[in-house]
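Asker: The residues making up each chain are set out below.
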Amino acid sequence: MTFWKRFITNRGALFGLAILIAVLLLALLAPLLFPRGPWAMVQRPFLVPFSTDGLPLGTDTLGRDVLAGLVYGARVSLLVGLVSTVMALLIGVPLGALAGFYGKWVDEAAMRFTEFFQTIPNFALAIVLVAILEPSLTSITIAIAIVSWPPVARLVRAEVMSVTRREYVDAARLAGLSNMHILVRQVLPNTVSPIIVMASLMVATAILLESSLSFLGLGDPNIMSWGFQIGAARTVIRSAWWLSFFPGAAIVLTVLALNLIGEGLNDALNPHLSRKGRS
Amino acid sequence: MSVLKITDLSIALPQGADRGFAVQQCSYEIAAGEILCVVGESGSGKSMTANALMGLLPEGVSVAGGTAYFGGKDILTVSEAEQRALRGDRIAMIFQEPMTALNPLMRIGDQIAEVFEAHKRHRPAERRQKALELIREVQLPDPEKIVRAYPFQLSGGQRQRAMIAMALALEPELLIADEPTTALDVTTQAQILKLILDLRERRGMAVMFITHDFGVVAEIADRVIVMRYGEIVERGSAVEVLENPQHDYTKRLLAAIPSGLVPASTEVAKAPALEIRNLKKTYRIGGGLFRDARVVQAINDVSLTIARGEVLGLVGESGSGKSTLGRAVVRLVTPESGEIIVSGTDMAALGEAELRAVRYKVQMVFQDPYASLNPRHRVMRALTDGPIAKGVAKEKARERARALMETVGLGADAVERYPHEFSGGQRQRIGIARALAMDPELIIADEAVSALDVSIQAQVLDLLRDLRRRFDLSILFITHDLRVAAQLCDRIAVMQKGKLVEIGPVSEVFLNPQHSYTQTLLAAVPGGGWGKAAQ
Chain A
1 MTFWKRFITN RGALFGLAIL IAVLLLALLA PLLFPRGPWA MVQRPFLVPF STDGLPLGTD
61 TLGRDVLAGL VYGARVSLLV GLVSTVMALL IGVPLGALAG FYGKWVDEAA MRFTEFFQTI
121 PNFALAIVLV AILEPSLTSI TIAIAIVSWP PVARLVRAEV MSVTRREYVD AARLAGLSNM
181 HILVRQVLPN TVSPIIVMAS LMVATAILLE SSLSFLGLGD PNIMSWGFQI GAARTVIRSA
241 WWLSFFPGAA IVLTVLALNL IGEGLNDALN PHLSRKGRS
Chain B
280 MSVLKITDLS IALPQGADRG FAVQQCSYEI AAGEILCVVG ESGSGKSMTA NALMGLLPEG
340 VSVAGGTAYF GGKDILTVSE AEQRALRGDR IAMIFQEPMT ALNPLMRIGD QIAEVFEAHK
400 RHRPAERRQK ALELIREVQL PDPEKIVRAY PFQLSGGQRQ RAMIAMALAL EPELLIADEP
460 TTALDVTTQA QILKLILDLR ERRGMAVMFI THDFGVVAEI ADRVIVMRYG EIVERGSAVE
520 VLENPQHDYT KRLLAAIPSG LVPASTEVAK APALEIRNLK KTYRIGGGLF RDARVVQAIN
580 DVSLTIARGE VLGLVGESGS GKSTLGRAVV RLVTPESGEI IVSGTDMAAL GEAELRAVRY
640 KVQMVFQDPY ASLNPRHRVM RALTDGPIAK GVAKEKARER ARALMETVGL GADAVERYPH
700 EFSGGQRQRI GIARALAMDP ELIIADEAVS ALDVSIQAQV LDLLRDLRRR FDLSILFITH
760 DLRVAAQLCD RIAVMQKGKL VEIGPVSEVF LNPQHSYTQT LLAAVPGGGW GKAAQ
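Protein chains in written order, with the numbering used here: chain A, 1 to 279; chain B, 280 to 814.
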């Protein structure tokens, strides 16, 4: 059975994929749907959802459209999630691969360096980094990448170590191929599946981290994001529940979708490990 | 009086499997005190029957029909609780891999005592006493110490004895042994087989012995069942089946077994393809600040030569250092001292970059056909990567790859396929083609046919013999199977604990072994009729 066939038989993963595609479309179409942008004040403040035509999710404390904020927030969340994950992979994969392939002191050095980052709580480090770099979309993305690469490095190291012991790698050595050639062409392609799975879950974590930073007021002040919306609404949470509820629901749904996709990818890429249909 | 009577047993495989039934319409009986051997190649369904009896069928596989009467009850239909009561108590099972069949975190004595506990027999103190008795009965050395040992402190054979002790704990009427000696060395295998025979004698229990090895069958079977594709193709007493097989498949299987007949060795006296001088390799295991490392001499001062066009068989049990020697010659392992001279170059003395340039001179065929090819590369790439790195033009390398696939009998078109589309034997042929693609001076075959079924093994051996004749290959053939070595090799070298204890022409070593270790090895080979000169 092909990868795709296995993936689409997983209902959860399909559901996740549908949500993600919907969020992605909304984010891409935001300027068309709300040409005035998320910051424009369109009506009086604290309009209850479903009470006014054209403002299905009501307005916030300054009379801005909550739905417009959500849609523009999706762009930020997805962008930060994807870019920071790619950056984390760019740091983690080479480091882990070198550590796993060469072993000995290279491994020791790389792993002690990784542990240095792992011993500091992720979120605390991210806050410090953003505070030092001044809050902006770039600094937030970098901060998230810097706190999320260590698990990638560890995973890649373990995978590379196990693949390197296979006999076809010995055979490649005997064929006189250079170490770099063996690592890049023979070993790494066989470690891709778990990396893809981990990356999909990392996007979800990055979205959560970004929201948390924005909630604390460490987000980019010029950019509307879900975390910012919730943060701004926390003072009125008892009188205007919808201001924090809808962005919260958006975060939950997107993260859930990514997790479902990650799970689906895992089952589809490692059919021997999946819980169902073992023979 | 039969202990177990199986009638028309069918076991269905899940949809999408290569056939509908793992086992189809099987009927047989086992009498008390009888040893029934179920023989077949991998995928013949021989283990599935045992799993069905024990209620251990994997998910998706189910019993489709038939009955299995044991002690007046159809054990295929009894409830899970009843089945649990039967298991261990009246039917016991031992597995192939003694390493994974024991709980690594439990002491041997506790594991045996646990069997009594599960069936609520005896008081705790008595259980320990019984465990000790059982350990004595299976002839483990130093029982008081073994009771307190963890599985990792025991050797493979000792673990298998511990497994047998567990299986015997409640004096079962039927013992199912699923390839119990396959993972063991020949000498250990001989001891375990003797133990099972002894226990059968003493306890009068029935034994269902599943194996792929006709040598083992000849040693212990009273009656034999031969299975293929889930069906019984032949049955009868051991003597009948072995000496006068009726079915074609059985005949072919028996013919495929490397016979014990030793061919007269041919004289090879040409320039050496490989010269090993005083090679040494020591491993240090564990150790640290406060503890001395355990030192293992994997290769201890070994010297030998292989002439051009000669096949030298390197035999020994696991841990004898034969594989390390093979890997040292190709420099996957770097020896501490000594010389490895291949056509004038000392491979042991070269640095990384120089080594890469001469690597092609010695190539290797690996043991595991499933791990030796990159699953993500087409065969073409597996066969051309090396030659291209060596400097052969791309087009030429591709042409050569096609020709080689033809040579090893897979057809030139097969180069466009991925490894998973091939069977184990075919993959091994690709491995051989890959080695040949480099135009090596010497090929090292490390247990190259050990993972294959006998009939496939025979085909690959034929191929090697044929290639050797056509290309005048020099081969270092590493194997634990003396029968295989006798088939292919001109000379035999025997290794024990890192030392070369005997080397000489095949006929000399097999018919007139000098060293006591060689004599022990030869005596342990299952299936008699061994060590006769070919006419």
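Keep in mind that a hint or two might mislead.
To be verified - FRET-style restraints, in silico, Cβ to Cβ:
| # | chain 1 | residue 1 | chain 2 | residue 2 | range |
| --- | --- | --- | --- | --- | --- |
| 1 | B | SER306 | A | ILE8 | 55 to 61 Å |
| 2 | B | ARG482 | A | ILE8 | 54 to 60 Å |
| 3 | A | VAL106 | B | ASP421 | 55 to 61 Å |
| 4 | B | GLY690 | A | LEU25 | 58 to 64 Å |
| 5 | B | GLY670 | A | ILE8 | 42 to 48 Å |
Claimed, not checked - Stretch-level coverage of chain A by chain B, calculated; a stretch enters the list once three of its residues show a Cβ under 8 Å from a Cβ in chain B:
| # | region |
| --- | --- |
| 6 | 14 to 28 |
| 7 | 141 to 150 |
FYI, nobody ran anything at the bench for these hints, they're computed from the structure. Built from N, CA and C at the ideal position, the CB exists for glycine as well.
Asker: Within the region 14 to 28 of chain A, is the number of residues with a Cβ closer than 8 Å to a Cβ of chain B three or more?
Answerer: n = 0 at 8 Å, threshold three: violated.
Asker: Taking 58 to 64 Å as the stated bounds, is the beta-carbon spacing between B:GLY690 and A:LEU25 within them?
Answerer: violated, 50 Å
Asker: At the C-beta level, are B:GLY670 and A:ILE8 separated by a distance inside 42 to 48 Å?
Answerer: Holds: the Cβ-Cβ distance is about 47 Å, inside 42 to 48 Å.
Asker: Given as covered by chain B, does the region 141 to 150 of chain A meet the bar of three residues or more with CB within less than 8 Å?
Answerer: Our answer is that it is violated, as 0 residues pass the Cβ test (under 8 Å) against chain B, missing three.
Asker: For the pair B:ARG482 and A:ILE8, does the Cβ-Cβ distance stay inside 54 to 60 Å?
Answerer: holds, 56 Å
Asker: Is the distance from the Cβ of A:VAL106 to the Cβ of B:ASP421 consistent with 55 to 61 Å?
Answerer: Since the Cβ atoms of A:VAL106 and B:ASP421 sit about 44 Å apart, the hinted range of 55 to 61 Å is violated.
Asker: Is 55 to 61 Å a correct range for the gap between the Cβ atoms of B:SER306 and A:ILE8?
Answerer: violated, 44 Å
The structure is inconsistent with the numbered hints 1, 3, 4, 6 and 7, although it conforms to all the rest.
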